[in-house]
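Protein sequence lines, in the order shown, are assigned to chains F and S.
First residue of the first sequence? That's 418 in my numbering, and the numbers climb one at a time after it.
First residue of the second sequence? That's 0 in my numbering, and the numbers climb one at a time after it.
Because the hints were derived from the structure by calculation, they are not lab data.
Accuracy of the hints is not assured; some may be wrong.
[To be verified] So the derived list for chain S, only partly shown, Cβ under 10 Å to chain F, looks like this:
hint: 1; residue: R16
hint: 2; residue: R95
hint: 3; residue: E113
Just so you know, even glycine gets a beta-carbon here, dropped at the ideal spot from N, CA and C.
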Amino acid sequence: MAHPKRKISKSRRDKRRTHYKASAPSIAKCSNCGEIKLSHRACPNCGYYAGRSMFVPES
Amino acid sequence: MRHRVKGRKLSRTASHRLATLRSLSTALLKHKKIKTTVAKAKETRTFVEPLITKAKDDSVAARRHVARHIKDKEVVKELFGEIVEKIGDRAGGYTRVVKLGSRPGDGADMAILELVDFNSVTDKKVKTEAEPKAEKTTKAKKSEQPKAKVKEEDVVEAEVIEETKEETKAEESVSEETTEDKKEEKK
Numbered sequence: 418m419a420h421p422k423r424k425i426s427k428s429r430r431d432k433r434r435t436h437y438k439a440s441a442p443s444i445a446k447c448s449n450c451g452e453i454k455l456s457h458r459a460c461p462n463c464g465y466y467a468g469r470s471m472f473v474p475e476s
Numbered sequence: 000m001r002h003r004v005k006g007r008k009l010s011r012t013a014s015h016r017l018a019t020l021r022s023l024s025t026a027l028l029k030h031k032k033i034k035t036t037v038a039k040a041k042e043t044r045t046f047v048e049p050l051i052t053k054a055k056d057d058s059v060a061a062r063r064h065v066a067r068h069i070k071d072k073e074v075v076k077e078l079f080g081e082i083v084e085k086i087g088d089r090a091g092g093y094t095r096v097v098k099l100g101s102r103p104g105d106g107a108d109m110a111i112l113e114l115v116d117f118n119s120v121t122d123k124k125v126k127t128e129a130e131p132k133a134e135k136t137t138k139a140k141k142s143e144q145p146k147a148k149v150k151e152e153d154v155v156e157a158e159v160i161e162e163t164k165e166e167t168k169a170e171e172s173v174s175e176e177t178t179e180d181k182k183e184e185k186k
């Protein structure tokens, strides 16, 4: 069976990992209540999406 | 490649998946609005919509076809009556999926699946302000019902399996012995 000839150095390993990045979530302002929410999701604060009430928040 | 591969498996066997889709569809037609994961909501959509289309034709055959999947007779009645009446001339697209974000606990993407012509949200708002306790109890029922239905189906399946097991046991033991013999030969 084939095996690696050399141990991957810390440098090479870390260079590979430079592309592992976290991306910021896409955020939008709720058109109903103005609260910040995730885009393409119903607003957890007021329960509105696309000008329509989807659910009534508990509190 | 996953070219032309339709549908989602939902981490279930075929029978379990069918049972899930049936109970979700029944719940949707009963309550007009259900909260599930995005995957289940989208998959249920492709399951109920043809049933609703079928229900536009008010014949005994169509009723039986729908009743094959919707096990609640009251719900079938309601579908052929109220729901079809409200849907009217709409040519498909009877449901709406609105994403809600991830569920605390397992991070599953949640969504609301609802019948488009039943915009009961505004009505609900009035109701919740008047009697918030009644709202909660209906929600609890929602979660209980589909589970119970899945269990019923499982029981039926289990009985069938038990019957067939006795027959196949003899065959299985023979085949197991032959495979073991082969293994020994290989060694």
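Looking at the structure, which of the earlier hints fail to hold? 1
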